[in-house]
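Heads up: the sequence lines are chains A and B, in that order. FYI, our numbering numbers position 86 of the first sequence as 86, with every residue one higher than the one before it. FYI, our numbering numbers position 129 of the second sequence as 1129, with every residue one higher than the one before it.
Derived by calculation from the structure, the hints in this document are not laboratory data. If you're wondering where the values come from, they're calculated on a predicted model, not measured in any experiment. Hints are all accurate, no fakes.
For lysine to aspartate or glutamate, the following EDC-like pairs were computed, each having C-alpha atoms within a straight-line distance of at most 16 Å:
{"hint": "1", "chain 1": "B", "residue 1": "1490", "chain 2": "B", "residue 2": "1293"}
{"hint": "2", "chain 1": "A", "residue 1": "212", "chain 2": "B", "residue 2": "1185"}
{"hint": "3", "chain 1": "B", "residue 1": "1490", "chain 2": "B", "residue 2": "1161"}
{"hint": "4", "chain 1": "A", "residue 1": "353", "chain 2": "A", "residue 2": "166"}
{"hint": "5", "chain 1": "A", "residue 1": "266", "chain 2": "A", "residue 2": "286"}
{"hint": "6", "chain 1": "A", "residue 1": "212", "chain 2": "B", "residue 2": "1182"}
{"hint": "7", "chain 1": "A", "residue 1": "138", "chain 2": "A", "residue 2": "166"}
{"hint": "8", "chain 1": "B", "residue 1": "1108", "chain 2": "B", "residue 2": "1240"}
{"hint": "9", "chain 1": "A", "residue 1": "231", "chain 2": "B", "residue 2": "1185"}
{"hint": "10", "chain 1": "A", "residue 1": "236", "chain 2": "B", "residue 2": "1450"}
{"hint": "11", "chain 1": "B", "residue 1": "1290", "chain 2": "B", "residue 2": "1248"}
{"hint": "12", "chain 1": "A", "residue 1": "318", "chain 2": "A", "residue 2": "79"}
{"hint": "13", "chain 1": "A", "residue 1": "212", "chain 2": "A", "residue 2": "159"}
{"hint": "14", "chain 1": "A", "residue 1": "204", "chain 2": "B", "residue 2": "1461"}
{"hint": "15", "chain 1": "A", "residue 1": "236", "chain 2": "B", "residue 2": "1182"}
{"hint": "16", "chain 1": "A", "residue 1": "309", "chain 2": "A", "residue 2": "166"}
{"hint": "17", "chain 1": "A", "residue 1": "309", "chain 2": "A", "residue 2": "135"}
{"hint": "18", "chain 1": "A", "residue 1": "236", "chain 2": "B", "residue 2": "1185"}
{"hint": "19", "chain 1": "A", "residue 1": "231", "chain 2": "B", "residue 2": "1461"}
{"hint": "20", "chain 1": "A", "residue 1": "266", "chain 2": "B", "residue 2": "1353"}
{"hint": "21", "chain 1": "A", "residue 1": "138", "chain 2": "A", "residue 2": "314"}
{"hint": "22", "chain 1": "A", "residue 1": "229", "chain 2": "B", "residue 2": "1461"}
Some chain A residues near chain B, calculated using beta-carbon distances under 7 Å:
{"hint": "23", "residue": "93"}
{"hint": "24", "residue": "99"}
{"hint": "25", "residue": "121"}
{"hint": "26", "residue": "123"}
{"hint": "27", "residue": "131"}
{"hint": "28", "residue": "161"}
{"hint": "29", "residue": "234"}
{"hint": "30", "residue": "247"}
{"hint": "31", "residue": "259"}
{"hint": "32", "residue": "262"}
{"hint": "33", "residue": "263"}
{"hint": "34", "residue": "266"}
{"hint": "35", "residue": "269"}
{"hint": "36", "residue": "338"}
{"hint": "37", "residue": "339"}
Glycine included, C-beta positions come from ideal geometry on N, C-alpha and C.
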Amino acid sequence: MRQLAYLFSDAAVRSVKFGQIKRDEAGQGLQPKPGPANPINLWEIDMKKLARHSALWALAVAAFAVTAPLATTTAFAAEYPAKPVTFVIPWPAGGSTDITGRMTASYMSNHLGQAIAVVNRVGGVGTIATRSVLDAPKDGYTVLVTTVGNHVLQPAVRDVGFLPGDFIPIGQISARTMLVVAGKQQPYSDAASLISYAKANPGKATFASPSKVLPWRAVMKFAKAAGIKLKHIPAKGDAKSLPMVLGGHVGMASLGDVSAGVSHIKAGTMNAIGVFSAERHHALPDTPTMKELGFDMVLVPWTGLAVAKGTPPEIIKKLSDALKATTEDKAFLKFAKNSGTSVNYLDGPAFGKIWDRDWNTYRSK
Amino acid sequence: MDFIFAGFDQIFHLQNILLMVGGLVIGIVIGAIPGLNVPLAVALALPFTYHMPPLAGLSMLIGIYKGGTHGGSISAILINVPGAPAAAATALDGYALARQGKAGKALKLSIYASVFGEIVSDIALILLAAQLAKIATTFGPAEFFALGLFALTIIGFVSGDSLIKGVIAGCMGLLFATVGMDPLESMPRMHFGFYELTGGLHFIAMIIGLFAISEALIQIENSLKTSASRTVIEISKKGDDNRVTWAEFKMVFPTMLRSAPLGVFIGAIPGIGSSIAAFLAYGMAKNMSKQPEMFGKGAIEGVAAAESANNGVCGATFIPLLTLGIPGDVITAIMLGAFMVHGLIPGPTLFTEQGSFVSAFMIGMLITSCLHLFVALIGLRGFIQAIKLKRSLLFPIVIVLCITGTFVAGGGQFPIYVMLGMGILGYLMIKFGFPIPPLLIGFILSPMIEDGLRQALLISDGNLDIFYGRPIAMGFLVMTAALVVWITWKQLRGQSNS
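Same shape as in the complex, but just chain B (with noise of 0.2 Å):
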């Protein structure tokens, strides 16, 4: 434990304390900001960090990495856009919370639930950091596959009425996946003669695409018709509908309990990510809650869920990353590069090598998280007037936005022309019932799976002991076997009923 107070005087300087703050802002804001990324923040402020003290400069992107992953809750829930991936699971409940008027009350809940996420998955770092990084290098390629079949049983969680069509959709988010490089090979597939698509499709244009411009339409759609209200939501003046009531929060609390360490988990095994996380967790709510039927209707637990889990994430990822060199997600890929600017090179050795570094490095982790929750609670206000704003001004503006922060993501002209058309099919598929989530969940996972039966079969020979011979992943796929079973039965004898 000695070496955690190490680094006590070399994070407390005023100028890491103010880079977090602003490094905060920034990711808030930016992540709040449907069409604009976090990674791509990230991106942009490392080249600052080059130039910086070390310490100073991941001040500023843990901030931004921190308050990204939970400024995507925002635009979920006041507009069902979510800014980033991880919160496409917030806005199932969170747009509906709002559209009851309760939007006060779902983005204070997504505060507290991704800061409680954040402090337990810095809390785990800090204290298990050697412990599960030691559980990550288990899962070999047939865990990955395993994993990934099992995450896949989330789509029966989030299809909403139709399972079978979320089953599609979740199917067509594994076809697009495809597209591009074959992962092991390296040769380019599925990309009908456009050398651009020999790198897939862009996984940002394709996010803002169905997300964001497909809501868009909707909305656009929405505001011809005369009915409809000038604004996207109306606020409850009820004080009650705007604070999260003590009763609420003991009935929510197990749920963020529950969810946070699954976060953690996932963060700490590399290539996983907190979008997985958050649903996951969001099944794993419904599946436990007193009343599934409300999710989906404006369950708080659903919002809950989501929210502590995504930012469970976020310290998590630093642990295959300090303690083995190896960065968890895209952002700590990024924030790799911080790292070796400065010659410190992540592994084993750094925690020998530069302990009072490490340790101040955490500290830095958990009062980002503490100073998270006042920035948060002192920024709300500002979005809750932004939402006050006309349809018709709203999403001109979202439109806009979408445009230049794919073109800027993308690095050109292409992946503008993905997002247009994947807008136009998730405009298709609202329209035709079927649900957007498990799209998303298929083209996330689809390379984890691809990657880790083709790997474990080449490991193997062709030998299928690889999957029967190993505790995790046989426990994976029996539990995905038995989810498969009792989700169908509840569907079947759904339909029997009505």
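Excised from the complex, chain A in its bound form (with noise of 0.2 Å):
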């Protein structure tokens, strides 16, 4: 039941978007007035205007009339949730994150009481869709599936057009762990290896991961630490630097999360250089972490939900607290473990902190 409440759910929303910039259209276009859209009025007006034309426009049009009123309902803090809220996710589906996300969203909609809805707006490193979060109504119905990689990182690299405080954190819901492979046929299997071959000859490992992400920033700070010199071959995701690695094409990948390298290290296809979590992983319980091989670094990729600046504290309540049940939910933690994902939860103002923290790390070179 849960599945199909959801897809009309999502329909619904995508609708109620459709009503929205027909509203808008309106407003700049055909309507002689400015001021709210009036639906009643809008479907005269297009009615006139696409009255010569065939039927199906007309029928098509008024498909967006009848939608217009969910649009200009005006939601009181109040009374919300009182429509299906929007997660938007900045990676694409089947990804981790879109796992995370709407694993959260299918379980947070029984703790929010309304239906939540699951967006994946893809490109400019997640940066478009974290902006359009911004450019929603500040109403608590547009929520951020964000990460640390789209929140904090680009902007800490390059001018966005929006900063980590324009938004509020809600929760923390995930961390991951990064890990570094090697392929087999190279001539170092682990940390030791590596650093004494790349000492012997600098700038010949070489290792993929995308451009100006967290895990290219891990083994950028790891190569500085141990004072070698390692060389960027910039590939577009886990899934263009693996078969790099494999093929011996080049040296080592930084993988964004351990899931991608787990299945290789225990069929011997790969070795593992390290982690860069706090503590080792439990698939992978021979992988030394960077603190135990003499580097103080904990570099963690999270995921967490966040809204834009503006929106009422009353809402923010709402959706932290249906954020932490979700997090204390059996169903939920029982799913999160079958899929790989490591729940760790930090309320709103904990989960700012985190912000706060990472972005200094980035800022400073």
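Quick one: dock chain against chain with the hints and give me the complex.
Here it is as structure tokens:
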């Protein structure tokens, strides 16, 4: 049943958005008087304009007009959530953030008492979706499923039109473990042999990862701390860097999540160099952390919820309470465990501190 | 071989079979409707599978994937609007056949070719997964660059009358693909101050604009001319025009036999995709045909080549996914989520730890392909009925669907503007005799060529030896040079004759 409700809510939210667009266009172009669009008015104007075209055009416009009143309903904080809430995910469907976001949406809708629709808006290293949330009405109906990459790292390295502080943290959902793997044909198989090889052959050891994302940053920091020179080969994602490591085209890959490398390490097709988390990962008990290797660095990609600054505090409280209840929900935790997601809940203020900490880390070169 | 049988009892459940059929129906319909597309359908269906047993969910997604890859050819044949980019090559000859009244023939041939391609691909997945995966990893940046350049030569085969106009369209495609993020440095470029453009020109919006909106504009123009018929195409009453005769089947079978393995090969290498496979197969078929002048005017080999190659990709994209944990295309990348959410991590250990699951999955692919034949043949009647709609009804529906589809897939308003802009561009290109497929080919290959070249030169410190020293890369470069010379020579000879 949940899935069915979910599908309909998805469709409903999309049609609401359509209504808004229609209303905006009408406000600018068709309607003579400025001011809030009246759906009945819109109906008449569009009908007149389109009457001479085929009946289907009229039908289409009618569909928009019917949904327009939904869009004009003013949502008051007291009755929030009065209509389905949208989660915007800045990364593609099927990825690890998508799984976490959809999983949270699916269970959080019970605690929020409203359906939650999920929309993936991909592009611009996650910044397009992030910025689009700021452009939406600040009424708590548009929630960003945010990660360190789009939220902190991108604004830290270039002008993306927003800063982490333009958002209010709702809470952290999960934290991931980053992993560096080396191809088995390489002359190094662990951190010690990598460092001695790289010292003897500066710039010979290569690693692949996307540019200006956390896995790239982590390896650069590691190389600096170890006093070695590694060559970065930019690749669009784990799906692009892993084949290059398997084929021996590059030496190592820095992965955003252990899940991409676990199978290869177990099968012996790749060697693990180390993880960047505070503790060892349960799937890779033999892989040391950077801290154990003598490098005092803990870099953790996180996923959490945020809304645009200016959202009323009562709404933020409702969202925060619902998220907290979700992360304590046994069914949610069971599902998370199956999918390999490490749930690591932090409340809004604590999540905000993580933003500040990471902002300071990535601003300093 | 024993491991294959371990999965039989897992996959043969009524629920799985029904989900496959359901997936096929959704896939074919979504694929056939211009504006809606398969990655979107798979992404929307994915959350449902989170709460299903893994095999049941994947059965449905495979159905959508296979049905959708073929479904795109239906609208390509009937109204010259490829429902999926991979069907753009099918439209070249499929629509020409439909205009001769032979829509039934073209549609049936596309079903046979698709299912044939799928079955070849499934068998390759079952028998040759490990070997093909090994070939896939030998493709490094240098090889991708060389293969990308080689694939660009297809422009020479799909340019129609004017090679120079085809090359110009191809260059436009290459250029359009550079809008957005610099693929390697993750810095925005060519966005002209629109932050929405930092994500690049939305691929789906572009495809819908170039192929569907432009065609709708052409049809609107045609329907304003009083002499035009009220429907887009007429369906011939003759029996032989509505089926594939045995003689024809024997004629196109060698083409299918060559194209399907080509699709498998392209599918096994992550990141190339079914559109390129379809165009490569089309080019190869034209090249080997006894009547190359018939291509573009209704050659049945053209339809067979494109369809058996693009569906040949379908099973093979799971080779890198299952054996290496690397998705082969956009759709398998989305489907990766359906594995991960159940703790099934694709990669070399999947076969050892979840052997019976893998075999059940593979058998499921094969069953889906067989079901595909029947579902598609039954559904055919419905689509033939739909084409009897008046032009003035059909194309307004198409436009509304295009706008809706782009809005949903792009997640915003901006992609709709991209779509409309591309629609006008496509219309102007058709009016001035520029072919559109080269633009698509350039757009798809541009990132592969750019990434490959830049990564290769970074690895080699700017040394060109990385291309000379590698047999596969060198082979493709030599073939590219040879083809360019040959196509140019043929073009020049053609000009001096006329």
